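Q: Chains as they are written, first to last, in our numbering: chain W, 1131 to 1366; chain S, 5 to 549.
Just so you know, the hints here were simulated from the structure itself, not pulled from any lab data.
Predicted model, so just to flag it, every value in this text is computed and none were measured.
Careful, some of the hints might be misleading.
[Stated by the list, open to error] Using C-beta positions, here's what the derived DEER-type ranges look like:
hint: 1; chain 1: S; residue 1: E26; chain 2: W; residue 2: S1164; range: 55 to 65 angstroms
hint: 2; chain 1: W; residue 1: Y1269; chain 2: S; residue 2: L333; range: 43 to 53 angstroms
hint: 3; chain 1: W; residue 1: I1158; chain 2: S; residue 2: Q76; range: 53 to 63 angstroms
hint: 4; chain 1: S; residue 1: L126; chain 2: W; residue 2: V1185; range: 17 to 27 angstroms
hint: 5; chain 1: W; residue 1: L1159; chain 2: S; residue 2: V316; range: 35 to 45 angstroms
hint: 6; chain 1: W; residue 1: I1158; chain 2: S; residue 2: F322; range: 49 to 59 angstroms
hint: 7; chain 1: S; residue 1: P21; chain 2: W; residue 2: I1158; range: 38 to 48 angstroms
hint: 8; chain 1: S; residue 1: L51; chain 2: W; residue 2: S1164; range: 35 to 45 angstroms
hint: 9; chain 1: S; residue 1: I50; chain 2: W; residue 2: S1227; range: 47 to 57 angstroms
hint: 10; chain 1: S; residue 1: Y161; chain 2: W; residue 2: G1196; range: 24 to 34 angstroms
hint: 11; chain 1: W; residue 1: I1158; chain 2: S; residue 2: P542; range: 46 to 56 angstroms
hint: 12; chain 1: S; residue 1: K502; chain 2: W; residue 2: Q1168; range: 21 to 31 angstroms
Even for Gly, the Cβ is constructed at its ideal location relative to N, Cα and C.
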Amino acid sequence: MARHQRPNTEGGEEFEDEINPVNNHQAILHQQFSDLEQQREASAAGIWVFLGSEVMFFGALILAFGVYRFNYAHAFVEGAGELNVVLGSVNTAILFSSGLTMSLAAATNKMGSRLWTLIFLLATVGLGVLFLAIKGVEYHEDWSKGLFPGEAFRWTGSDSPHVQLFFLLYFIMTGLHAVHLLVGIGLMLVVLWLAWRGWIHDQHFMPLEVAGVYWHFVDLIWIFLFVLLYLLGGKI
Amino acid sequence: MPPVLQTVTVAPQQGGPSYLREHSLRSWLLTTDHKRVGLLYLFTIILFFAIAAVAAAIMRLNLLTPRGDLVQADTYNKLFTLHGVLMVWFFLIPSIPNVLGNFLLPLMLGARDLAFPKLNLLSWYIFILGGAIALYALLVGGVDTGWTFYTPYSSTYSNAHVALMAAGVFISGFSSILTGLNFIVTTHKLRAPGMTWFRLRLFVWSMYATSLILVLATPVLAMTLTLMALERIWHVGVFDPALGGDPLLFQHLFWFYSHPAVYIMILPGMGVVSELICAFSKKRVFGYTFVAFASLAIALLGFLVWGHHMFVSSQSVFAGMIFSFLSFLVAVPSAIKVFNWTATLYRGSISLDTPMLYAIGFIGLFTAGGMTGLFLATLGVDVHVHDTYFVIAHFHYIMVGGMVMALMGGLHFWWPKISGRMYPEFLGKMTAIVTFLGFNLTFFPQFILGYLGMPRRYHAYPEQFQVYNVLSTAGASILGIGYLLPLCYFIWSCRYGKRVGDNPWGVKGFEWETSSPPPTENFAEPPIQTEEVYNYPPPSSEPVI
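Taking the hints into account, I'd like the entire structure generated from these sequences.
A: Structure (structure tokens):
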């Protein structure tokens, strides 16, 4: 990523930005690196390796879901039928849109437009929060229907243990996703603050890029969860 | 640099002040210097090793008599769980990677630090937090499930502090992931000019392979333990068959991590031994590329063999056959390493200093451990020796005979670089020999015990097994001396050891070109790799066969 962006940080040429005069903050070169290019590459490599780890984390969970979905197909379809597909779809659309605003924030940052970067970052945070709010409404609905596993679980249909297993996995999967999204929102707020202070700009973009890659990953996980959990019920 | 041997120059202090210069507690607790973080890990794992070793000592004393007179069965269960959990997650896994790896990886690459120094320090704090929770679980009553946490016993029936212990292991896993991430990125991005992939030291290759496992396998354990703990807390069935779960799924997920984790516990040792063999025969390793790729092959194959822990767990026979076959495949890269180390010795200028004694001990013990691994990978034989002392002996030959011998060898070898001083050589040699003898006396009788049918994890046993158990306990006390002595003389040498120059062994490698101990920024001048790795001159004028 960002290979085409020739860094110009050695101080040889004067860095001018007529739109954003505050953008004079140079990226700090940490002592373990020999130049900024190397530092950027290390950041990019770091987040991708981390995502490799994350894939295995969710992978184990999705594997467990797959095994039980195969073994107890009927109970899982029953359980999935109780989920709110409309809210789930709305949330999917919201998260997709946040992916778009995230990409636009990165793109406008590279074009040197601080204002648009801020707007798109703010939109990304807003959409993330909206997603969590709707997810909260859904959780409340599930809870009041007695679908939360454990003591409070009420199921009048057949095969109650395996329907409960479905809901356990549903809550763990969506709950872990929500935790990841919360972390993402926190990262976005940090990036937003950095951009506001003028510490992220077209010459210094790695924090934005790294947070963006993470954000897209959280989006991507949701696509899997949506398909696995919501589209199983056959209620559409 | 011309390929001339013995460039032992006691150069004046190069670069800035030594990394050990500052003494305040704050300078240690807030350090981001990879060398200091490595030492922080060293102090921590010594503590965990000591606690787990005491547990082992109590078990061995208890097993002196067939009736198990010292502790009750329940206490015994808690002792072996404690021993396993602490030794695996809080000693072996962080041992070579986090101590020697942290210290050496940037030095060997010619870098000033790891790619993410703050993350590196954070990993130590996460490790401390996980370890503190595990110790707390021990203090409030311990855990009796065994280190494997098999469900449904762990998730439903055990009355011990399983969820707490699982939380400790879960948290410490993130320190593994961060370390692995740091090593991978550092190896890719922070190599000195001229340091191409095939000029990397073999220790770096093995760290790289280990890091891949750390990053890709640890999250699976995290998820598995989470599900187990949630089942325990929520009383809903994920793995408990009575509640609609599948206990076999737990075993699959657990061993999907824990078998690769076995290779986390041996690959770094192989890396150290590769270095020691080259250094003390003053020869380039035989078949460098093969040894390097064997590390990656072991890491890769390690992900495909987990089912050999489940031959008797109602896994299908066909799955068993495939896992058996794949397990045999692991023997190929392992054997490549052993043969190539041996071939490296041929016509080398061998000197039998302490680190070399450990390395040679490693080769013998690892071979014994590896070969008995093949017995266990054989379906029919495994049915006979499964869950017996044969298994115990096998994996202790790999982990103690392999990894701990390599750790000791590595610590002796790099001690002059770490501390700037030499350990007492004669005592060192004696200790290496005592450790080797004590180890064999402890664990060889356990092969026989297992073959004769003594099951693992029992606090009492039939009388005919007593003689082997007494031998084993006697060996354990000798082994204990072998571990206590270095602790004493390393501390002694910090103050009284003879000061050494930059390259006391007269060997090749970036870490020997900087001062001992190195300055905080590692090198006065950024080093450049201008020659092949291990570029020792041929041993004589005759052509080397």
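Q: Each hint: holds or not?
A: Evaluated hints:
1. S:E26 x W:S1164: 55 to 65 angstroms: 25 angstroms, violated
2. W:Y1269 x S:L333: 43 to 53 angstroms: 47 angstroms, holds
3. W:I1158 x S:Q76: 53 to 63 angstroms: Holds: the Cβ-Cβ distance is about 60 angstroms, inside 53 to 63 angstroms.
4. S:L126 x W:V1185: 17 to 27 angstroms: With Cβ atoms ~22 angstroms apart, the hint holds.
5. W:L1159 x S:V316: 35 to 45 angstroms: Once the Cβ atoms are compared, 57 angstroms apart, the range 35 to 45 angstroms for V316 of chain S and L1159 of chain W is violated.
6. W:I1158 x S:F322: 49 to 59 angstroms: Holds: the Cβ-Cβ distance is about 57 angstroms, inside 49 to 59 angstroms.
7. S:P21 x W:I1158: 38 to 48 angstroms: 24 angstroms, violated
8. S:L51 x W:S1164: 35 to 45 angstroms: 37 angstroms, holds
9. S:I50 x W:S1227: 47 to 57 angstroms: Holds, since I50 of chain S and S1227 of chain W (Cβ atoms, about 53 angstroms apart) stay within the stated range.
10. S:Y161 x W:G1196: 24 to 34 angstroms: At roughly 27 angstroms between Cβ atoms, G1196 of chain W and Y161 of chain S fall inside 24 to 34 angstroms, so the hint holds.
11. W:I1158 x S:P542: 46 to 56 angstroms: 48 angstroms, holds
12. S:K502 x W:Q1168: 21 to 31 angstroms: For K502 of chain S and Q1168 of chain W the Cβ distance comes to about 39 angstroms; the hint is violated.
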